[in-house]
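Here numbering that gives the first Met the number 0 is used: the first residue of the sequence shown is 0, the next is one more, and so on.
Warning: the hint list may mix true and false statements.
Stated by the list, open to error - Okay, derived cross-link-like pairs now, DSSO-like style, lysine-lysine, Cα gap no bigger than 27 angstroms in a straight line:
#1 LYS80 to LYS148
#2 LYS456 to LYS179
#3 LYS148 to LYS354
#4 LYS391 to LYS196
#5 LYS58 to LYS21
#6 LYS354 to LYS409
#7 LYS260 to LYS141
#8 LYS35 to LYS196
#9 LYS237 to LYS389
#10 LYS58 to LYS219
#11 LYS21 to LYS35
#12 LYS381 to LYS21
#13 LYS196 to LYS260
#14 LYS389 to LYS456
#15 LYS35 to LYS237
#16 LYS164 to LYS409
#17 LYS219 to LYS391
#18 LYS141 to LYS381
#19 LYS237 to LYS284
#20 LYS213 to LYS58
#21 LYS44 to LYS148
#22 LYS456 to LYS381
#23 LYS389 to LYS141
#24 LYS44 to LYS237
#25 LYS35 to LYS148
#26 LYS196 to LYS219
#27 LYS391 to LYS317
#28 LYS456 to LYS80
#29 LYS456 to LYS58
#30 LYS391 to LYS164
Stated by the list, open to error - Beta-carbon label-pair distances, calculated as ranges:
#31 ASP18 to GLU240: 55 to 61 angstroms
#32 GLY223 to ASP355: 29 to 35 angstroms
#33 THR310 to GLU256: 25 to 31 angstroms
I should point out that these hints are in silico values taken from the structure, not numbers from a laboratory. Glycine included, C-beta positions come from ideal geometry on N, C-alpha and C.
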Amino acid sequence: MVAALQRCGAIMEISMGVDWGKIKEEAVQILSDYIKVDTTNPPGKEMAGARYLQGLLEKEGFSATVLESQPERGNLICVLKGRDSLPPLILLHHIDVVPAEAEKWKHSPYSGAVVDGEVWGRGAQDCKSLGVMELVAFLLLKREGFQPKRDIVYMATADEETGAKWGVNWLFQNHPEMMKAEYVINEGGGVGMIVGKRNVYTCQTAEKGICWLKLTFRGKPGHGSVPHEDNCIAKMGKAIERISSYRSPLRRTLTTENFIKGIAEEQRFPRSFMMRQLLNPLFSKAVERRIPDPGLRGMVGAILRNTFVPTVVQGGQKTNVIPSECSCQVDCRILPGVEPEMIKAEVRDLLFDLKDYEVEVLQTSPASESPADNPLCRAFEKTLRRLDPKAKMIPTMLTGGTDSRFFRDKGTAAYGFQPMAPLDNLSEYLSRVHGHDERVSAESLRFGTRVLFEVLKDFCG
């Protein structure tokens, strides 16, 4: 990984009137200070983060609007006006971050510590670093006097981590005129992977939907000292065990096919042949187990099928009482074309021999996709290849959800594209997202800022 970063660093020094060494220092300082603003959600308190960003923008001569959706829940919008009437391009990231177990971190999650060329803290990867890359690229355009052919909108929103009720969703409901755009650049892709002799960068063109289920089991109540066969807790235990070990059938999508074939093309035989067998229902499971990188293995497994993960259990109230009812919740992530009723039927087939239970859909939203071949995607790949001669870009599907789904629902093409210097250990990187010791390298900040800056100049020039 260090060698890859150094290679990218050498490439990045080739500038067009921009001192990228100083830009890296600026981005590191902004991110460090941004992390120090605690925007843990819940409760959120993104207003403090929005005000921090507003101060940086107004210092450079921008007029930034901050909208409060609820007390202390802030959303920021700032526009670099274009010369033509083309629909806007939005640079999007979310201000809120998930909670952190501070005692399990090497450096405080809200310290913004800069150690050995890395910025540490909650949000360093998800996704305050993207916000800083977009911000610095946005500021550089202003400093250069660049006038784009379309409006470029810098947008920082609240509440993404708990469903966007007070963020993007609220903005669409209350300020729809501010949300109109042809394109959105958001989180969820851009990470470089070293595959064979190439640096393969992902562009998130699709993301799985959600179908959260609640399974309620019923049985005969009684005293804990008298066992019987109609214990709802025991039935739920069997169901959880079965769901946890279940693998839904392979379901091919165009995005996943292009992702797997794109990686296979960069490997030698027989690895290239074996990689393609991930798309073969007969061999997919066996091949998946042989992928050496746990991060890539887990991601591939999740984008090839619907997934079912038990996450919440609610049972009895007292140790000596057998309850009459208990429940568990299951986080199901669904592929394009899958409906909630299909998921409920799949669960019922899996639990065919269990009785006295019901399945309820708690929350659902469909998978979302954007075209993988359009002018913006081509600008991504063109810029990557110019800055990294070994670059190749492939579409990917995100296993989780982002705010991009709200824009796609309105017909906007949204992409997860946070360019990061190539990694030789994807598993380690992914484990830190929502995990411990989250951090990002200064070189990746510079690389990502440079890529986005040149994409904007190329695409909007």
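Subject >> Violated hints - listed by number, lowest first >> reply: 3, 6, 7, 8, 9, 10, 15, 17, 20, 21, 23, 24, 25, 26, 27, 30, 32
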